Each structure stands twice: as C-alpha cells, then as structure tokens.
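Asks: Residue numbers (the working numbering), protein chains in the order written: chain A, 1 to 401; chain B, 1 to 287; chain C, 1 to 315.
These are computed hints drawn from the structure, not numbers from a lab.
Everything numeric in this text was worked out from a predicted model, so none of it was measured.
One thing to keep in mind: the hints can contain errors.
[Claimed, not checked] Chain B is nowhere near these chain C residues, computed Cβ spacing over 12 Å in every case:
1) D108
2) S141
3) Q173
4) R179
5) H197
6) A200
7) E203
8) A214
9) P239
10) D262
11) E286
12) R288
13) F292
[Said to hold, decoys possible] Listed next, the stretches of chain B that the computed footprint assigns to chain C, with coverage defined by at least 3 CB atoms under 8 Å from CB atoms of chain C:
14) 20-27
15) 114-127
[Unchecked claim] Pulled a few chain C residues facing chain B out of the computed Cβ check, cut under 7 Å:
16) V16
17) L54
18) L56
19) A57
20) S58
21) A75
22) A84
23) A90
24) R103
25) F104
Virtual Cβ for every residue (Gly too), placed ideally from N, Cα, C.
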Amino acid sequence: MNKNWRWLPAGIVPVVIAAAAVSASTVAEAQPQLPALTAQELLEFVATSTDDAYSGTVEQSSDLGLPDLSLAAPPGGSSGSDPTSAALELLTGEHTAQVYVDGPGKARVQLLDQLAQRDVVVNGDHVWFYDSEANEAVHAVRPADAGEDDLEAMLREKAAEHPELQNIPRTPAELAEVFLARIDPSTEVTVGDTSRVAGRSAYQLLLTPDDAATLIGSVAVTVDSETGVPLGVRVQARGQEEPAFSAGFSSVDFSTPDAGIFDFTPPPGATVTEASPKDGAQHDADAADEVRVSGQPTVIGQGWSTIVELPAGSASKLGLSTGTGESTGMGDIMEIEPGMDPEEVAGAQALLEQALVETDGGRALQTSLVSVFITDDGRVLAGAVGVDQLVAASRQWSNRQ
Amino acid sequence: MPAESAATHAPRTGGSLGLTLVVSEVAVLFRRLRTWAMIGALALIPILIAVVVRVSSDESSSGRGPAFLNSITQNGLFVSLTALTVAIPLFLPLTIGVVAGDTIAGEANLGTLRYLLVAPAGRIRLLLVKYAGAALFCFVATLTVVVTGAVVGALLFPVGPVTLLSGATVGIPGYFARLLLLALYVTVSLLGLSAIGLFISTLTSVPVGAMAATAALAVIAQILGALPQLEWLHPWLFTHHWLGFADLLREPIVWTSFADNALLQFGYIAVFGALAYGRFSTKDILS
Amino acid sequence: MSAGELAIETRGLTKVFGRQRAVDSIDLTVPRGSVFGFLGPNGSGKTTTIRVLLGLASATSGEVRLLDGEMPDDARAVLPRVGALVEGPAIYPFLSGRANLQRFDAADRRTDPATRSRRVDEALERVGLSHAAKKRAHAYSLGMKQRLGIANALLAPRDLLILDEPTNGLDPQGTREVRSLIRSLSDDGTTVFVSSHLLAEVEQMCTRIAVMSAGRLVAQGTLDELRSGGTARVRVTTPDAAEARRVLTGLGLTPEPHGHDDVVTAELSVAGLQPETVNAALVRAEVRVRGFEARGASLEDRFVALTGEGFDVAG
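All chains, full assembly: derive it from the sequences and hints.
Replies: Written out as structure tokens, the structure is:
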C-alpha cells in the first residue's frame with residue numbers, strides 16, 4: 001500500500017472548496033441574457049418600477065481611502081450613541097441591514113450592528129426609531145394629511161435630532177433616486193452589462209459625470225430586470241480601482257413581508273421620547289435660532305461638483321450642532337452625495353482631527369470621494385471635489401464678502 | 001480458537017456503530033478533574049459578572065463595558081449574554097484548545113493510545129470518537145456559561161420578558177429557546193477550532209504543546225480578523241462569525257450568519273479532518 | 001510448516017528510523033500453541049518488532065502475518081483475537097482499575113457490552129487485582145499496574161497473547177504467578193509470545209525462542225536446538241599449564257587466558273574433536289591432569305555469544 005494515498009483527502013478537500021468558491025462566484029458573475037434596453041427605456045423602467053412589497057438584506061461598504069479607525073472603537077460595542085464616532089463609522093467599514101417594505105405606508109429598516117441593532121419602523125401614521133444599545137425609542141405620529149414627502153422630511157428631522165439613528169442605510173432604491181436626480185445634460189447615461197444581483201438578473205445603468213471638478217468617476221445602478229427596482233448602487237471614485245462606496249441587496253425577496261414585522265411596541269424599560277407635532281414646532285424654533293446664529297449654509301456650484309459652505313463659527317460647533325441645514329436625514333450617504341450634509345462631516349471632525357492636513361489657509365481632509373476644508377476663519381466647505389477646489393471656492397467667496 | 005470467543009464478540013451489526021466507545025470517551029472526559037475545573041472556571045464568568053454588577057449597581061457606567069452589561073440590572077437573564085460575549089474571544093477557545101489539543105496527544109502521552117489501537121479501536125473511528133467528544137465539550141462548555149448566567153441572573157436580579165435587539169420582547173420560554181439556539185450557534189462556531197486542535201493533536205505526543213498551539217491559533221485568527229489590511233482573508237477565518245450569535249436575538253431571526261458560520265466551520269472540519277486522517281491513519285505510535 | 005500452523009510469521013521485516021535500522025530483515029516463525037520467548041538485550045529491537053506486529057508502527061519493508069491475516073491490512077479482523085502488553089502497561093490515572101479495563105474493552109467494537117463487566121472482573125481476578133478494582137489506578141504500585149496491563153490482554157479469550165516483558169516490576173511472587181498464568185493459558189491452547197531480556201525467565205517458560213541482537217534475529221528454534229548450536233568447552237586443571245596450552249594449540253584449539261595459573265580453558269572449536277581425544281593428548285604429553293571437565297554449551301553462553309556481553313545497550 002502506498003502510504004501517500006492517505007494524504008489524498010487532505011489534498012482533495014481544499015481543491016473542492018476552492019472549486020466550489022470559484023464556481024459560486026462564476027455563477028454570480030454570469031451575465032444573464034436580457035432583452036436590450038436603451039438608457040432612456042431603462043430610466044423609465046426604474047421610474048415606473050413596482051416595488052410595492054419586498055424584503056431583503058442590504059450590504060453597504062465604503063472605502064474612502066481613510067485609515068480604518070473602527071479599530072479604536074471598543075470591541076462589541078457599536079458606537080451608535082456617540083454621534084462623532086457614528087459619523088466616523090460610516091466613512092469606513094461595512095454595514096448590513098435588513099429591509100422590509102410593504103407599500104409606501106409600511107417599512108422597516110434594521111441596521112445589524114455587532115451585538116446591537118438600530119431600527120426604523122414606519123407603519124401608517126406611526127414612526128418608531130429604536131436603538132437597542134441605548135434602549136431608547138423615539139415615537140412620532142405623522143399628521144393625517146401628510147404626504148410621502150412630508151414623511152421623508154419628518155424622518156430626516158427625527159434622524160437629525162438623534163444622530164445615533166443617522167446611519168440606518170436606505171434601501172438601494174432610495175439611494176438610486178438620489179443619484180438619478182443628479183443627472184444633468186453633461187452626464188453620460190449608458191446601459192452597462194447585465195449581471196446577477198442577489199440571485200436576480202439585472203440591468204446596469206451607468207452614470208458618468210462629464211465634470212472635471214468632481215471626484216466621482218461613475219455611478220452604476222443595477223436594476224432588477226423583472227420589477228425595475230434598483231438593487232444596488234456602486235460609486236467609483238476617479239482613479240480608484242475599487243468602488244469607493246457600494247450598497248445593494250445581497251438577497252431580496254419580492255413577496256409581501258409578514259405584517260407583524262411593522263408592529264412596534266417599545267420594550268419595557270426603554271426610554272421613550274414622544275416627538276409630538278408640538279415638539280416638532282419647538283424644535284423648528286430652536287433650529288431657527290441656531291440658523292440665526294450660524295447663518296445659512298451656502299451652496300456653491302451645481303451638479304456633481306456642488307460645494308456646501310458653512311459660514312464662520314461653524315467649525316467651533318462641529319460635532320455639537322443638530323438640526324441645522326439640509327439634513328440628509330436617516331441616509332448615511334453623506335460621503336457620496338454632492339450636496340452633502342455638513343454636520344455629519346462635522347460630527348466626525350473631533351476624531352478625524354489627526355487626519356486633517358494643514359493646507360494653505362486652513363486644514364483639509366481629502367478622501368477618495370469627498371473633501372472637507374476648514375478655513376482658518378472657521379468656515380467649513382465640503383463637496384465631492386478635490387481640496388484645491390474647496391480652497392479656491394473659499395477664496396472666491398471671502399473675496400466677494 | 002477457544003469456543004468462548006464467538007460469544008465474547010458481539011455480532012458485527014450490533015457493535016459496528018461503535019457507540020460504546022463514544023459513551024466511554026464521554027465518560028473518560030467527564031471523569032477528569034481537569035474537565036470539571038474548566039467547566040467551573042467557565043461558570044465563574046457569569047457569576048463574577050452578576051455579582052460585580054449587583055454590588056456596584058448604583059454606579060452608572062452606561063455605554064461602556066461588554067455588550068448587554070447595562071441591561072443586567074433590569075433583567076437578570078441578560079447575564080447569560082454578557083457572559084457569552086466575554087467568554088467567546090478567549091475563555092471558550094482556551095478550554096476548547098485544552099480538550100481538542102488533548103484528544104490524540106493526551107492518549108499518546110499516557111500510552112493508552114497503543115492499547116486503544118491494539119483493542120482495536122480503528123484509527124479513523126478513534127479520530128471520529130475523539131472529535132465527537134471534543135464537540136460535545138464545546139456544547140457543554142457553552143451551555144454552562146448560558147445556564148449559569150440565567151440562574152445567577154435570576155437569583156440576583158429581577159427577571160421578566162426579554163427585550164430582543166429589535167425592540168420586540170419574548171417571554172421566558174421563548175427566551176430559553178433562543179438561548180438554546182445561541183448555545184448551538186456558539187458550539188458550531190467552535191467546531192472548526194476543535195478540528196484544528198484534533199489535527200495538531202495528531203502531530204505530537206506532548207499534549208500541552210497541542211493545547212497551547214490550538215488556543216494560540218484562536219487568538220491569532222482573531223488578531224488577523226481585526227487587521228483591516230487583511231480584509232480579503234477575514235471571511236475565511238474560523239473566528240469570523242464568532243460574535244454573530246447576536247443575529248439570533250433579532251426579530252425576525254437573521255439566519256444568514258448561522259448558515260454562513262455553519263458552512264465555514266464545516267469547511268474547517270473537512271480540511272483539518274482530512275489532514276488529521278492523513279497524519280494519523282498510518283502514523284507510527286511509538287509512545 | 002504451513003501458514004495455518006503459524007501464529008506469527010514475518011518475512012524480511014525491516015523498520016528503519018532515520019538512518020538507524022531498528023529491525024533489520026527478520027524472519028520470525030511462531031508456531032501455534034507454542035510459548036515463544038523473544039529474547040534480546042534492551043534496545044535490540046524487540047519492542048519495535050512487537051509494535052510492527054500489532055500494526056502500531058508500519059514496516060519499512062517486509063511482510064507480517066498474524067494468525068490468519070496480513071498486518072496491518074487485516075488488523076480489524078485479527079486484533080480482537082490478540083491480547084497484548086506492549087512496552088509496559090498504560091493507564092488513565094484518574095480512572096479506577098476496573099474503569100480502565102472497561103475503557104479498553106469498549107474500544108473494540110466487536111466485544112459484547114452485555115458481558116463486559118463480567119469479563120473485566122474475571123480478568124482482574126485472574127491477575128489478583130480484585131481487591132484494588134475500585135481504587136484509582138493512579139495509586140497503583142508498579143507491580144499492580146503491570147498486573148492491570150496483563151489483565152487488559154486477557155479481557156477476551158485470545159488466540160494469541162503478545163506480552164512484552166510481562167514480569168517487569170513484579171516481585172518474585174508475582175513473577176511466579178505470571179509464569180503459571182502463561183502456562184495455564186498455553187494449556188488452553190493460546191499461543192503466547194513473550195519478550196524478555198532475561199534468559200532465565202524465557203528458559204523457564206518457553207518451548208521455543210528467538211534471539212534478537214542489534215535489530216537482527218541471530219537465532220531461532222527450540223531450546224534444545226539452540227543449546228546444541230553452541231560449542232562445548234574443556235577445562236583443564238594442571239600444574240603444567242604452559243605445556244597444556246601447547247598441547248591444546250597443537251590440536252588446533254585456542255586456549256583462553258585464565259585468572260588461575262593452574263587452569264586452562266578452551267572451546268572445542270575444531271569439528272569432530274571429542275573431549276576424550278583432548279584428554280588423551282594431554283596425558284600423552286605427560287601433562288599432570290588433576291582435573292578435566294568437558295561442558296556442553298549453556299544457553300547463557302549461547303546468549304552471550306549471540307548478543308555480546310555487558311551493559312552496553314545495543315544502539
């Protein structure tokens with residue numbers, strides 16, 4: 001008997017595993033045969049998509065070329081209750097969320113943190129936020145006559161009040177909407193190769209900004225070939241091989257989720273905050289005060305290379321302010337949205353202090369997709385452009401003033 | 001051949017499952033003082049946590065410490081979860097390392113390995129039985145932490161319906177069903193490490209070396225898992241899903257990490273089981 | 001002898017560790033029903049041979065037949081019929097003597113669990129350990145452990161017993177008991193293969209022996225065959241030692257140096273030369289022979305001649 005035969009299983013098993021892994025990814029990468037669509041047809045398909053009810057797992061990852069600071073976070077504990085690290089958290093690393101949608105009136109997004117979870121539940125007129133680690137719940141009632149946009153606005157407002165809730169990812173469809181809204185005449189819209197996403201055949205819509213100033217190289221939106229629902233969004237930074245940001249379904253099920261999922265009763269012992277309309281009004285007043293103090297943010301430019309400027313004094317309030325300006329609400333897509341929310345960047349400022357580089361006239365943070373520039377006189381500029389653009393913009397505006 | 005021989009040897013079908021050796025293996029494992037010392041040490045984790053929290057419950061230390069720590073004062077049943085979170089990275093792998101590293105090397109060291117093989121136990125069968133023993137220990141060890149935690153928590157703190165991560169509450173029976181699932185998850189998580197320990201154990205007749213190497217690998221894998229530069233490697237590390245047990249505490253339960261974890265651990269069992277077979281099937285037993 | 005009559009048969013059995021040939025091409029033939037002594041100094045390769053016989057180690061080359069099977073391929077069929085004590089007993093110190101035996105008995109999937117405790121008790125009884133059966137083996141003396149090891153070999157009726165140094169650590173009483181145990185087992189028809197480094201022990205128990213030295217099998221056969229293989233010696237007591245030496249040398253013998261001035265010894269190394277011829281030659285040469293002794297080879301001489309003398313452990 002040849003003694004070496006005994007090593008045969010040890011040789012075969014890894015080969016089988018490798019083969020299984022390769023074939024799985026080959027299946028995943030196989031290009032399904034789909035009827036050809038023009039870019040225009042595909043855009044219309046998305047616009048008329050029937051996404052009434054579905055559920056699935058959304059994976060989101062960002063690679064902005066920053067050092068991974070999540071290592072500094074305590075193990076096991078997510079940084080949900082700390083706004084600065086929460087903002088920082090989404091500059092790096094990965095998130096997984098369970099998404100349940102049943103028509104416009106019912107939705108639940110569960111951000112699956114390690115050993116913790118954050119939930120947003122929309123059920124008819126009732127909206128709940130829940131953070132398991134802090135055991136805090138926020139309840140809001142939507143006014144009876146409120147429309148879809150009002151709900152969105154309210155969600156944003158609530159999220160702004162509770163920074164720990166800001167990192168709940170949006171559905172890929174919502175993300176896609178943000179980018180599709182950016183399409184301007186200079187944007188090249190094409191149809192890419194078909195692919196398989198979350199086990200479904202999908203079209204791919206490619207948006208390529210023809211704008212030398214922006215850091216965004218291209219945006220790819222995968223679209224379910226049956227329903228027209230966007231399944232994933234991938235943002236490529238200019239000159240970077242790996243996607244700087246991607247979010248998409250890893251699994252999706254287009255059947256109506258169990259109605260019980262949208263019921264939420266705050267658990268005993270949880271701190272429950274009622275956000276009544278009155279509170280909202282009060283909050284608006286507060287916010288107005290703050291705006292008066294700090295002044296309105298200025299939007300410079302348009303399209304992909306939009307720059308947002310926070311006036312003097314903002315820098316000193318970084319990480320503290322809530323409810324000012326145009327919050328993107330529960331979406332944590334600040335790093336990819338041209339008209340990004342300055343607060344979220346600001347929130348990360350404290351921990352990113354070391355990442356800030358001394359620049360002519362201030363300090364700057366450059367990632368592969370967005371830049372932040374804090375001038376010596378305390379203004380903050382941010383946008384999906386290079387630091388030099390921000391510096392130039394800051395000069396231009398101070399000159400004008 | 002003496003006539004009595006036929007009577008002594010049971011018909012092949014009767015004993016071919018070899019369950020008696022499994023029973024014997026379990027008996028030997030749990031008749032050792034060392035095994036009980038390790039189980040006692042594991043039981044000490046929830047006890048320590050519960051007592052410390054009880055004694056210092058006035059002080060608010062919210063936002064720090066291991067997960068679920070702050071929930072304990074409200075519901076004693078959370079002691080299990082805190083203890084499990086604390087035990088998974090180091091204490092559980094350490095005890096598994098001792099048991100899995102001892103499987104073959106320990107018998108070789110005592111010299112009993114040669115008598116088991118001469119009996120004959122059969123080399124592959126012995127590997128399987130030894131692995132089954134280690135796997136059972138994984139379950140007992142995990143269950144020890146969970147059950148002790150629940151008992152101590154119930155003794156020192158109020159107990160009631162348990163809030164899941166999603167904010168939903170489950171009654172105590174439902175919670176215990178989840179705890180059992182959780183223990184199962186953690187047991188499965190440790191199966192890969194057990195297979196590695198079994199393989200290392202076939203390499204040496206010095207059990208302490210095999211134990212230390214196995215426990216060290218668990219630590220190394222977790223360190224590698226924390227290095228962002230090795231992100232491509234992370235899904236392949238046997239420690240990758242160790243803290244994913246929380247997915248069983250969501251409503252609805254997210255099964256993906258359970259499935260991914262089981263698949264990953266199965267891969268480790270296959271690879272290191274094959275290696276252990278390769279090493280042990282024709283190894284010269286010289287101790 | 002046909003294969004069916006042999007309990008153990010090896011052909012060209014060789015085991016090499018690194019550059020050392022621990023067992024060098026040995027051909028053992030152990031007939032069924034015999035009490036076979038496997039003799040050799042420490043380190044001569046006895047235990048390694050036994051390990052290969054039992055499938056614990058694999059042969060570098062050569063074949064092994066045990067009972068009706070090839071080892072190690074037929075180990076599952078053959079080993080349940082073989083009881084073994086290899087390189088001393090091994091125990092789980094934290095288990096009782098009885099639990100130790102139950103553990104080893106459970107390892108064989110063909111044993112009947114229903115009769116296990118009866119068989120374990122019988123085996124303990126047989127080696128005189130019944131009184132200590134419940135004691136932790138950790139507290140056993142060396143001799144008790146040795147008895148437990150032998151009991152393990154007797155858990156089931158065996159066709160072949162392979163006992164490696166069975167009397168190690170036993171007091172004279174225990175040694176006698178083991179000897180009588182082996183005899184009674186042999187009377188029941190069991191083949192017993194006993195290894196030992198003590199000639200006296202083997203001589204008392206065995207009908208056939210094989211002698212190992214430095215990994216080689218240097219002799220094999222019945223006791224008588226081995227004895228006759230040796231050369232006789234003459235011992236002459238005479239005041240004329242120098243003359244006696246001359247005469248012996250003249251006969252072709254090689255007188256050996258001796259401590260006493262009046263004693264001359266020599267091996268009868270010339271074929272056909274009888275002691276009386278030597279005596280006649282001495283008398284003819286007018287050597288005053290005061291004492292003349294002719295002795296057949298003792299097994300001990302033979303053993304020493306085969307394996308070398310002294311305490312050097314063969315490397």
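Asks: Checking each numbered hint in turn, tell me which of them this model violates, lowest number first.
Replies: 1 and 16
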